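Enquirer: Here is how the chains run, residue by residue.
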Amino acid sequence: MSFVSEFNALPLARLLDRARSADAPSVSESLRRSDRTLADFATLLSPEAAGRLEKMGRRAQALTRQRFGRVIRLFAPLYLSNECINNCRYCGFSRDNPILRVTLSVEEIRAEASALMEQGFRNLLLVAGEHPRFVSNGYLRDCVAALHEQTPGVSLEVGPMETEDYRPLVEAGAEGLVVYQETYDREVYSAMHTAGPKRNFDWRLETPERAHAAGFRRLGIGALYGLADWRSEAICVAAHAAHLLRHCWKAQVTISVPRLRPCAGSFQPLTQLTDREMVQLICAYRLMFPDVGLVLSTREPARLRDGLLPLGITLVSAGSHTEPGGYTGAGAGQVHRTERGRIVELGASEWAGIEGAGPTATGQFNIADERSAGQVAERIRDLGYEPVWKDWDAALSA
Amino acid sequence: MSAATDNAPLEIAGRRFGSRLILGTGKFASPELMRDALAASGTEIVTVALRRADLSGRKDPFANILEFIDPGRYLLLPNTSGAMNAAEAVRLARLAAAAGLPKWVKLEIHPDPRYLLPDPVETLLAAEQLVGEGFTVLPYINADPVIAKRLQEVGTATVMPLGSPIGSNRGIQTRDQIRIIIEQATVPVVVDAGLGAPSHAAEAMELGADAVLVNTAIAVAGDPCRMARAFQAAVKAGRDAYEVGIADELETASPTSPLTAFLDDG
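For the record, the sequence lines run as chains A and B.
Here the numbering used here is used: position 361 in the first sequence is 361, and no number is missing along the way.
Here the numbering used here is used: position 103 in the second sequence is 1103, and no number is missing along the way.
What the hints contain is simulated information worked out from the structure, not anything from laboratory work.
All of these numbers come straight from a predicted model, not from anything done at the bench.
Just so it is clear, CB atoms sit at the ideal spot from N, CA and C, and this is done for glycine as well.
Incorrect hints may appear among the rest.
Rough simulated footprint, nothing fancy, chain B against chain A, three-plus residues with beta-carbon under 8 Å [what the hints assert, rightly or not]:
#, segment
1, 54 to 68
2, 380 to 386
3, 389 to 396
Calculated from the model, a selection of chain A residues having no Cβ within reach of chain B, i.e. all distances over 10 Å [said to hold, decoys possible]:
#, residue
4, Asp202
5, Met278
6, Gly307
When you get a sec, could you build the whole thing from the sequences and use the hints?
Expert: The following block contains the structure:
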């Protein structure tokens, strides 16, 4: 049974009611239990539970230390391409955004990876927009195969595929697949995704299961906070994670907690997840899932990231660029606009006044933590954790 | 410590060790702290996850855990943590040997990343292969006496049954099965995983385990060095008690004035 049928049967209204109005005795009970249910998780998201945040934090910290130790793993996103055939109202890469686009060659990707390896990264997340012409399955396979030779850990965040199309990527050495549902609210999803294959909600929802069937061993999920009610999204993510833990028993599941950041297109968040609520959310995830990896990106500012690290985060990015070529300037000579799938060269005026190789591609969003990887690692040490760069070996996914 | 109170040495594959406490190296807050805890524990065998180490020979400064483990002082026991099947474990072990690490391997194959429970089928396959290639194989297993015997038959140097899942700190939940494994063993039995307190380690040693492996309980302790010493003392105490012989438990109290004493009355 795929998660879609379970999701359709989820008593979301009842759970959401708990998440909004759980009383003090329910919160105490949900905090006390060690084997927590989805109802307990919803309870821990409540305003009443927010009053017990310090206690939640202490428990979350102790559990994380027990299960993961005093270590924080690091990774870096490596953007391959910002071409996309989808229109997602909140995303800078949307096809109708007149941004500067580029798809890096395999050689350029090697150079980007080398630059990241120099900084220390041994765990890379390859990110690309969804565009079968520019980002073909064969291209992705070639990228993975090229990096597998030089990088111990390679994961992917790309458009959803069929199980059969995932297999060559696993065989080439990819170990993880990240796919965010963005929002688990079907109505909001429909309103946000106005064109392209991403409009298919169910197809996207089943992606982690297809990835697991193909042999991926790390599965990343999450909601993009800022589109629908955060408590509702969190409950759905938790239900999804619980399903994956039961059905995809060989996978390490990770949950990410991205909040919307400013990007091209100037989309404004429809809902808010405050810093305080974010702390509560991370603690609740940890208390619900002691062994799930919790991921925090550079979307969040340094001060908040430093505060969240000891509460349950296990994997962080650092020094990130969200534009293809961001680490080396690769692809700068080939940037263009894309209209209806066709490349439109930049006009002379757009090149005018730009020194050097030319304009660079547009990023997906603006990051908030601008510290270098080395600075973040130093801070992790200061907080009493070991920054772990290498936690995988290519021999495991050869 | 006088020679008279020393425990008999632990012998694995013809090599003798004075300490019966084996340490893992994951989860420490820093490699320096790990190094100090190893020293404090008195251990002579240290296991390292190969996925954390640099096997390329390039002395990777971002994967330098091996540089904190003195090979003159400890037997460095590479482990295959992360491997989900026999092929991956064998590949890792070969890579480690090629990188110049000891041809010993703590064989860990756990396809389930949550509880890290070992896969007996793949473990047996990998053990057979690696023993055939000349490795000294120390397999991590569930506390299953049959898989323990099957592994001994293919020539493993130890068996390492779990007390409870890795990192769970739940102690010896598999006591009755471990007792059978020990009773039937022709190789040293090392209780591995789940030992969260020194008393758990002492319990394993009292049961007759030849050694114990501890990681999480020391690594995440507020003071890892002090906790390492606590485990060292507990292992010693448990072994002493085992060697001396512990009196059987009785179901009822044993009165100091026996109920049948009247028979001796004149």
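Enquirer: So, for every hint listed, does it hold in this structure?
Expert: Hint check results:
no.	hint	result
1	54 to 68	holds (count 4)
2	380 to 386	holds (count 4)
3	389 to 396	holds (count 7)
4	Asp202	holds (27 Å)
5	Met278	holds (25 Å)
6	Gly307	holds (18 Å)
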